[in-house]
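J.: Quick note: the sequence shown uses the numbering used here, first residue 1, plus one each step.
It should be emphasised that the hints constitute simulated quantities derived from the structure, not laboratory data.
One or more of the hints may lead you astray.
Below, a list of computed lysine-lysine pairs in the DSSO-like style, where the Cα atoms sit at most 30 angstroms apart [as the list claims (entries may be wrong)]: (1) K658 to K862; (2) K862 to K718; (3) K658 to K762; (4) K627 to K569; (5) K195 to K19; (6) K862 to K915; (7) K608 to K125.
In this text, all values refer to a predicted model and were calculated from it rather than measured experimentally.
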Amino acid sequence: MDPFELFVSVTDVRYTYYKDTHKILGQTFSMLILQDFEAITPNLLARTIETVQGGGIVVCLLQGMKSLRGLYSMTMDVHSRYRSSTSTAAPVARFNERFLLSLGANPACLVVDDELNVLPISAGKDIVAIDPDFGVGVGRSAGKGKRKEAPGEAELQALKEGLSDTKGIGEIIAQARTLDQAKAILTFTDAITSKTLSQTVSLTAARGRGKSAALGLSISLAILHGYSNVFVTSPSPENLKTLFEFIFKGFDQLGWEEHLDYDIVQSTNPEWKGAVVRVNIFRQHRQTIQYIQPQDFHVLGQAELVVIDEAAAIPLPLVRSLLGPYLVFMASTINGYEGTGRSLSLKLLQQLREMSRPSSAMSAPSSTNGGNTDDKASGSTPLATVRTLKEIKLETPIRYGPDDSIEKWLNGLLCLDATISTSLKKTLQGCPHPSTCELFYVNRDTLFSFHPASELFLQRMMSLYVASHYKNSPNDLQLMSDAPGHHLFVLLPPLKEGDNTLPDPLVVMQVALEGNISKQSVLDNLSRGKMAGGDLIPWTISQQYQDDDFASMSGARIVRVAVHPDYAKMGYGSRALQALNSFYSGELLNLDEVVKEMDLETFEDVAKVDEDATLQTDQIAIRDASKMPPLLQRLSERQPENLDYLGVSYGLTPLLFKFWKRAGFSPLYIRQTQNDLTGEHSCVMLRGLNKNRQEVGRWLGAFSLDFRKRFIALLSYKFREFSTVSALSVLEAANQGIYTSTTEEDEERRVGGDVLVGSEVKSFFSPFDLKRLDSYAQNMLDYHVILDLLPTLAGLYFSKRFPEDVQLSGLQASILLALGLQRKSVEDVEKETEHQVAVAQCLALFSKTIRKLTKSLQTLQKEDVAKLVPDASLGMDKKTQAFVNQASGASTAVVKGGVQGLEEELDQEGREVLKALKESQREVIDSLDLKQYSIAGTEDEWAQAQAQLAKGSGVISIKNPESTKGLKRKLGGEESKKEEGGKKHKKDKKHKEGKKGKK
Numbered sequence: 001m002d003p004f005e006l007f008v009s010v011t012d013v014r015y016t017y018y019k020d021t022h023k024i025l026g027q028t029f030s031m032l033i034l035q036d037f038e039a040i041t042p043n044l045l046a047r048t049i050e051t052v053q054g055g056g057i058v059v060c061l062l063q064g065m066k067s068l069r070g071l072y073s074m075t076m077d078v079h080s081r082y083r084s085s086t087s088t089a090a091p092v093a094r095f096n097e098r099f100l101l102s103l104g105a106n107p108a109c110l111v112v113d114d115e116l117n118v119l120p121i122s123a124g125k126d127i128v129a130i131d132p133d134f135g136v137g138v139g140r141s142a143g144k145g146k147r148k149e150a151p152g153e154a155e156l157q158a159l160k161e162g163l164s165d166t167k168g169i170g171e172i173i174a175q176a177r178t179l180d181q182a183k184a185i186l187t188f189t190d191a192i193t194s195k196t197l198s199q200t201v202s203l204t205a206a207r208g209r210g211k212s213a214a215l216g217l218s219i220s221l222a223i224l225h226g227y228s229n230v231f232v233t234s235p236s237p238e239n240l241k242t243l244f245e246f247i248f249k250g251f252d253q254l255g256w257e258e259h260l261d262y263d264i265v266q267s268t269n270p271e272w273k274g275a276v277v278r279v280n281i282f283r284q285h286r287q288t289i290q291y292i293q294p295q296d297f298h299v300l301g302q303a304e305l306v307v308i309d310e311a312a313a314i315p316l317p318l319v320r321s322l323l324g325p326y327l328v329f330m331a332s333t334i335n336g337y338e339g340t341g342r343s344l345s346l347k348l349l350q351q352l353r354e355m356s357r358p359s360s361a362m363s364a365p366s367s368t369n370g371g372n373t374d375d376k377a378s379g380s381t382p383l384a385t386v387r388t389l390k391e392i393k394l395e396t397p398i399r400y401g402p403d404d405s406i407e408k409w410l411n412g413l414l415c416l417d418a419t420i421s422t423s424l425k426k427t428l429q430g431c432p433h434p435s436t437c438e439l440f441y442v443n444r445d446t447l448f449s450f451h452p453a454s455e456l457f458l459q460r461m462m463s464l465y466v467a468s469h470y471k472n473s474p475n476d477l478q479l480m481s482d483a484p485g486h487h488l489f490v491l492l493p494p495l496k497e498g499d500n501t502l503p504d505p506l507v508v509m510q511v512a513l514e515g516n517i518s519k520q521s522v523l524d525n526l527s528r529g530k531m532a533g534g535d536l537i538p539w540t541i542s543q544q545y546q547d548d549d550f551a552s553m554s555g556a557r558i559v560r561v562a563v564h565p566d567y568a569k570m571g572y573g574s575r576a577l578q579a580l581n582s583f584y585s586g587e588l589l590n591l592d593e594v595v596k597e598m599d600l601e602t603f604e605d606v607a608k609v610d611e612d613a614t615l616q617t618d619q620i621a622i623r624d625a626s627k628m629p630p631l632l633q634r635l636s637e638r639q640p641e642n643l644d645y646l647g648v649s650y651g652l653t654p655l656l657f658k659f660w661k662r663a664g665f666s667p668l669y670i671r672q673t674q675n676d677l678t679g680e681h682s683c684v685m686l687r688g689l690n691k692n693r694q695e696v697g698r699w700l701g702a703f704s705l706d707f708r709k710r711f712i713a714l715l716s717y718k719f720r721e722f723s724t725v726s727a728l729s730v731l732e733a734a735n736q737g738i739y740t741s742t743t744e745e746d747e748e749r750r751v752g753g754d755v756l757v758g759s760e761v762k763s764f765f766s767p768f769d770l771k772r773l774d775s776y777a778q779n780m781l782d783y784h785v786i787l788d789l790l791p792t793l794a795g796l797y798f799s800k801r802f803p804e805d806v807q808l809s810g811l812q813a814s815i816l817l818a819l820g821l822q823r824k825s826v827e828d829v830e831k832e833t834e835h836q837v838a839v840a841q842c843l844a845l846f847s848k849t850i851r852k853l854t855k856s857l858q859t860l861q862k863e864d865v866a867k868l869v870p871d872a873s874l875g876m877d878k879k880t881q882a883f884v885n886q887a888s889g890a891s892t893a894v895v896k897g898g899v900q901g902l903e904e905e906l907d908q909e910g911r912e913v914l915k916a917l918k919e920s921q922r923e924v925i926d927s928l929d930l931k932q933y934s935i936a937g938t939e940d941e942w943a944q945a946q947a948q949l950a951k952g953s954g955v956i957s958i959k960n961p962e963s964t965k966g967l968k969r970k971l972g973g974e975e976s977k978k979e980e981g982g983k984k985h986k987k988d989k990k991h992k993e994g995k996k997g998k999k
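With the sequences and hints as input, model every part of the structure.
T.: Right, here's the structure in full:
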């Protein structure tokens, strides 16, 4: 039999595509062979090399070449993504140079040709015999000779002996390989036996520390303690090979046997290659261990224990959704290939820590379902406030020995363990004022040259990336080094004279130049509904606004702003943005300081292959530092690119939005669906440069106006999940973009026709609607009666259609936005304010808001009516004036000099009415007989009356012969006699008729 065929038949070989390497997470192999070097990425290196155990071999196959310098100019597959329309330059393989030089510095690496001749670059060619007393730790075989005891081994042995008599835990702990792992199993056991279901135990470690094994052994203990429903989840069931292997090892230690005590169910899905997905245990009672996919979190209703392996590789919203009223074990790699490794520690664990504090647990609502139902639907259910958290870290490696050279090489190459250390010097110096700090340009040729000084600076820059940002992956390193349109800047503290040490960067900023796309290319792609690769902001804005001119402009997209955690929220990030704006505006350029062309060795010079070079004679080494360009360059010495705007695209969070809004950026696009990785909505914001603010203000104002209209309409859809404060902040930032330009023409164009007029009110509200609003404003109706009018009313207010004198307070505006645009209930508003604004208080503020807006609408209508009143000086009545209006075709005819004020007309009408009233009163008075009230008597009669008064008589009487009073009395008496006679006649008649009837 052919030896190769025999080798393949007796060896367990796992073949996998590069794209499927995520399925081998958590597994261990003895040998790794990487083919197709052009397709290798940093993520792939980290993902695969970390699965090889100590004593194993990693083989990387290359195409035939006459010099290793050919790697410098090799076009990698990933480079196709780095090309953009802004730069015609091809991607530069700086990462390959650094990769090759790092291999040469690795003592455990051999570079050989096809005849297995060791090439000069290999550091492993100077191999020496191993010291017989040298021990290589737990994971590797020490071979012959005396074995050196690993740290903590004696303590581990003592722990195992102390627990050997304890049933269950004694057998399981015997399987632990390191002291860290044993302590982790004890912590898991403590959580299992406490039966406190609202508890989370987090296990974090680097690769190869035995996380999955510790979880598997702990699950077997949970089954022993009677847990019936245990669910296990990970990105793929193939990642759980080690976990299930150690569950079965735990069962073996407990004396359980397959088929007698438990059954194993394997997957029939061909993609999962027969992975174990279920274990049925029936020794004590019916118990199950079931694998579920992370997105199936809704089936956990009856769960007692949920185990999440490789939690960092699962999108953060799903990890949050997997937490519930049950015991949760989480294991994750905190520094590896995972792009979300830091999101777990920076976001989720931080949230769990805060909730486990007694003060926060008491202040928060006790209900586990305190959040909105909308949050549940979006997969971002608020975590239970009563959860407790225990954290475990594993340090000692198991898969390979301590200080393993391959692990150390990989961590250094991909900056996987870049951490920030606060030195004593930094502590003593304090924080420099942001205005004294200076922004420098970083030369990437020098940064990735593998020179010791530049390597130290690179590690410090990457440590800022890792510490201040939660979405990191090794691929970001290759993007920084090879992408032609990307540039790096650092903000450094002021340097003192005589300071010869490399300063620690306060801020690292990565910028990508975009735009400058031909109009024909834009039209071709838009007509097909497609977006070309790269140039994120130009294509996004062109597609969203269907504008084919925007993409032809040039801009800089700020990819990252990483601030030192010790100096966060001190103004250094804002200072870096101001300096960047000034640089691209040309304000910092000093022609006297511009560096002249010097005889420097660039990367292109190094990448040239000598025609006479061979693999055996070619010398690959670090470039001469004296010939390299300076690592840091002052911005006054560099010619800036000609740009039109600055932009940024990021995951929307309240703190980040506040930062960019304060920096003068305006939102133009917010994605309606959440990011699968982080659960955040992508947001694109833009601002102009200092040099062209007026020009940018014209198109930025138009885009912002359109964005505001869309955002207001979408607030009742997916954006309903936004907090009211966040939505209000987005609208304020959009208004900031609308009012960017300050010229009079733009002001007239922007304001003219925007403010509501009385005639337009009818198109939004009927007379019945206005009456309802007025009645509610006077506290005569319940707020439910006007709920249907709130979207229109709120839309008009936030679209700035009301006059400028109508201003609401922040709380009133937020309540109007929540009820009117987001269509939340009053109870939702109360929950959102954490019960600081009660329902009654909210309704009182809402009533004041409606009263203010209703009064404004009424004022607008009155002003509109006032314009329709004609001037009396024209000599036309209202009908004539209406006819004139109709004939002129104007609904509100305004004739110069002929419009009469409303108050003047009312005064004139009032005078006419009073005059008519007086005339009618005169007629009534004239019709009355006043002779009875006349005073009669002759001169002699009045003289006699006065004489009687003089004698003391108090009453005198003078007869008035013309009085009609007596006549009326006489007539009245006659009439009364006639009435009495008539009544008597009727009575006699009835009496006679009654007698006839009786007869």
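J.: Could you tell me which of the numbered hints above are not met by this structure, giving the numbers in increasing order?
T.: Structure breaks hints 1, 2, 3, 4 and 5.
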